[in-house]
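Throw the hints in and build the complete structure from the sequences for me.
Quick note, the sequences are listed as chains G and L, same order.
Residues in the first sequence are numbered from 2 upward in steps of one, following my numbering.
Residues in the second sequence are numbered from 2 upward in steps of one, following my numbering.
Identical copies carry no separate label here, and so any pair may be met within one copy or between two of them.
Using 20 angstroms as the maximum straight-line C-alpha spacing, the simulated SDA-like pairs for lysine to any residue come out as follows: (1) 61 - 23; (2) 232 - 251; (3) 33 - 69; (4) 250 - 12.
Simulated from the structure, these hints should not be mistaken for lab results.
Listed below are the residues making up each chain.
There are 2 protein chains.
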Amino acid sequence: MAALFSERMSLIVQKYGGTSVGDPSRIMNVAKRVIATQEAGNQVVVVVSAMSGVTDGLIKLAREVSSAPTEREMDVLLATGEQTTIALTAMAINALGKKAVSLTGAQAGIITDGVHTKAKIANITPKQIHGFLDEDCIVIVAGFQGQTMSGQITTLGRGGSDLTAIAIAAAVKADICQIYTDVEGVFTCDPRVVPHARKIAEISYDEMLEMASSGSKVMQSRSVEFAKKFKVPFEVRSSFSNNPGTIVKEETMSMENVVIRGVSIERNQAKVTITNVPDKPGIAAKIFNTIAGANIIIDMIVQNVSVAGTTDISFTLNKDELPKAKAALDSLVKEIGAQGVIAQDGIAKLSVVGIGMRSHSGVAAKLFDALSAGGINIQMISTSEIKIAVVIDEAKIADAAKLAHDAFGLGEKG
Amino acid sequence: MAALFSERMSLIVQKYGGTSVGDPSRIMNVAKRVIATQEAGNQVVVVVSAMSGVTDGLIKLAREVSSAPTEREMDVLLATGEQTTIALTAMAINALGKKAVSLTGAQAGIITDGVHTKAKIANITPKQIHGFLDEDCIVIVAGFQGQTMSGQITTLGRGGSDLTAIAIAAAVKADICQIYTDVEGVFTCDPRVVPHARKIAEISYDEMLEMASSGSKVMQSRSVEFAKKFKVPFEVRSSFSNNPGTIVKEETMSMENVVIRGVSIERNQAKVTITNVPDKPGIAAKIFNTIAGANIIIDMIVQNVSVAGTTDISFTLNKDELPKAKAALDSLVKEIGAQGVIAQDGIAKLSVVGIGMRSHSGVAAKLFDALSAGGINIQMISTSEIKIAVVIDEAKIADAAKLAHDAFGLGEKG
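In structure tokens form, the structure reads like this:
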């Protein structure tokens with residue numbers, strides 16, 4: 002992106018995660034990278050996470066004084082993690098002879114709602130950021146944190162530092178937001194599973210969202226959603242190399258030429274089937290209210306047409322949640338007049354994602370053919386406009402991923 | 002003090018130092034003590050330091066990214082130490098079933114000048130403190146830190162948390178400010194040196210200041226000066242016992258009845274004498290400008306009347322500063338036409354302090370008699386209105402302290 006604006010100075014937001022700033026020597030590396038970006042003629046705002054391990058250490062401390070620490074105080078405590086990193090990063094840049102200043106979330110003008118430990122960003126007033134940029138400073142902002150209108154410290158929850166970076170990029174109208182992490186970008190499939198998986202050069206927000214919710218753990222969905230909402234292009238790339246990463250941006254015409262962008266897999270899944278559920282209004286609501294009431298997060302839900310007035314309702318979830326789900330449902334089954342509950346783990350989910358499938362037919366058939374040729378039985382199917390997900394035996398997930406990857410030609414040079 | 006206002010609720014500011022909040026179990030003890038204070042019918046504001054060792058750990062981290070960390074960033078970094086303690090302390094109180102909220106220095110309304118790492122408090126707007134007190138909360142404030150008018154994080158330097166406590170006590174018009182520490186109070190002499198030294202029940206600001214500057218390390222002078230200026234009575238007491246400590250307050254009539262409040266000693270001193278200094282205007286200024294220019298902190302300065310147009314000028318300093326002082330003076334001696342520099346360590350300072358000496362004569366004579374009876378030679382003498390200080394051989398300082406302590410009857414029940 003920056004190259005498009007070569008005649009003026011570009012404004013770049015860079016975000017470095019906990020591994021990238023994991024110790025003082027890594028912070029020095031980040032400092033050098035940031036300085037190189039500035040010396041290439043850019044203004045730079047840097048968002049950093051807590052050094053890896055620091056947040057866990059703080060949580061452990063909190064547990065030593067309270068079995069259920071107050072969420073307001075948890076935010077005050079955890080915010081120190083990123084505050085430590087911003088100071089050290091600014092010092093490191095200063096030590097290398099460049100101007101840098103650190104800003105906490107509050108100082109950077111990040112205003113959130115008052116929901117402690119998982120606050121939402123309401124507004125950003127980047128007055129101090131602009132002020133320091135105008136003084137040729139590199140500005141280092143603490144990720145993951147903000148403050149309420151009344152001045153209480155808040156944190157943004159999981160994936161909060163990515164969100165900070167994207168929200169600041171939107172607020173300062175950055176030319177690009179670079180999310181530095183410990184992977185090289187978004188791949189057509191997990192390279193540990195499919196060795197010839199390729200790094201994806203460009204991907205649309207919607208595809209990235211489907212990948213994220215299907216097991217590709219590069220970024221939390223909320224950050225991608227925020228970027229989509231505010232049209233912030235961003236790049237996921239590695240802080241340990243100089244390779245270009247994956248650019249995530251608005252859909253372009255040419256993107257539809259690729260039918261399938263990537264294959265995601267998610268292991269450690271389980272499925273629960275409630276058999277012979279009476280086909281009456283309100284029954285499904287009862288089941289899923291019970292599940293939600295027990296704080297169990299579920300993924301796919303499948304219900305087929307009813308035969309003889311009853312139907313089977315199935316859903317998938319992380320296998321760790323299975324005992325909780327069974328306990329919650331056992332009494333409900335009698336109450337709603339269903340036959341029973343079948344719980345099974347040892348399954349995994351495979352998803353193929355691509356906006357191209359909107360304009361290409363036969364995608365599902367091609368996937369099912371490929372799996373069938375490998376002797377892999379499909380237990381459940383669920384689809385969205387740009388995704389087809391199947392549940393299969395966990396032991397076969399790697400084979401299935403390779404077959405799907407090959408079937409859609411993802412390993413070939415794009 | 003609180004007892005004087007038994008018909009209304011008292012407002013108490015308590016400060017706990019790094020040792021008192023040194024680990025989670027000690028923080029729980031502080032929480033219990035604070036709750037007991039509230040349950041006795043008081044409103045409570047608590048100022049805490051960083052857990053002992055935390056600040057040193059942060060400084061070590063900073064040195065790993067920079068040999069000379071930027072002072073602005075040092076403040077951002079060090080401020081996390083107290084922020085960690087306030088969150089943990091509030092959580093601990095919450096865990097014991099009471100309402101508590103933490104506030105950083107900035108949130109507590111502490112506005113400082115912009116001199117990073119040693120900022121001065123300019124103003125306190127305790128709006129949030131009052132707001133939370135009105136909601137029956139115990140308010141936990143981070144010591145040692147504040148922010149500038151433009152929102153930059155600052156720290157107050159050595160003794161900063163004591164200063165925070167006293168400044169907040171002044172701002173909220175507290176009935177008393179309790180400085181909890183790891184000693185029982187201010188003693189007539191260091192009990193490790195004079196075993197029958199007694200805890201002083203009440204002492205005036207001026208006496209406390211002279212004791213502090215004479216080697217009694219209980220508190221930094223600047224906090225005492227601040228308390229004196231704003232007439233804030235405070236109590237120095239132990240967080241490890243329930244014993245009353247020492248109340249520091251404005252001078253009262255009865256205080257003058259005690260001639261000597263206490264004896265302070267300071268070891269590791271050295272003295273420098275410049276011999277045969279021409280007795281001309283501007284020479285002393287030249288000497289001490291040279292010393293100050295080399296960033297050497299000196300203590301006593303003694304100059305006697307000149308004989309035959311020259312005089313000897315002596316001063317004392319910490320013995321660690323001696324090589325630096327010699328180097329700074331060696332070339333100056335020729336320049337000003339003096340004879341030479343004699344530097345000597347192995348000396349110590351003994352001071353007797355008391356506002357009573359203003360109205361009692363013979364104090365100096367009594368001190369000199371006592372030392373003489375013990376065969377102790379006095380090398381230098383310096384006096385203020387309420388202090389007599391002498392420099393002696395360091396090997397004899399414990400004997401001298403016992404002799405002085407006995408001579409003024411400090412060991413007897415007061």
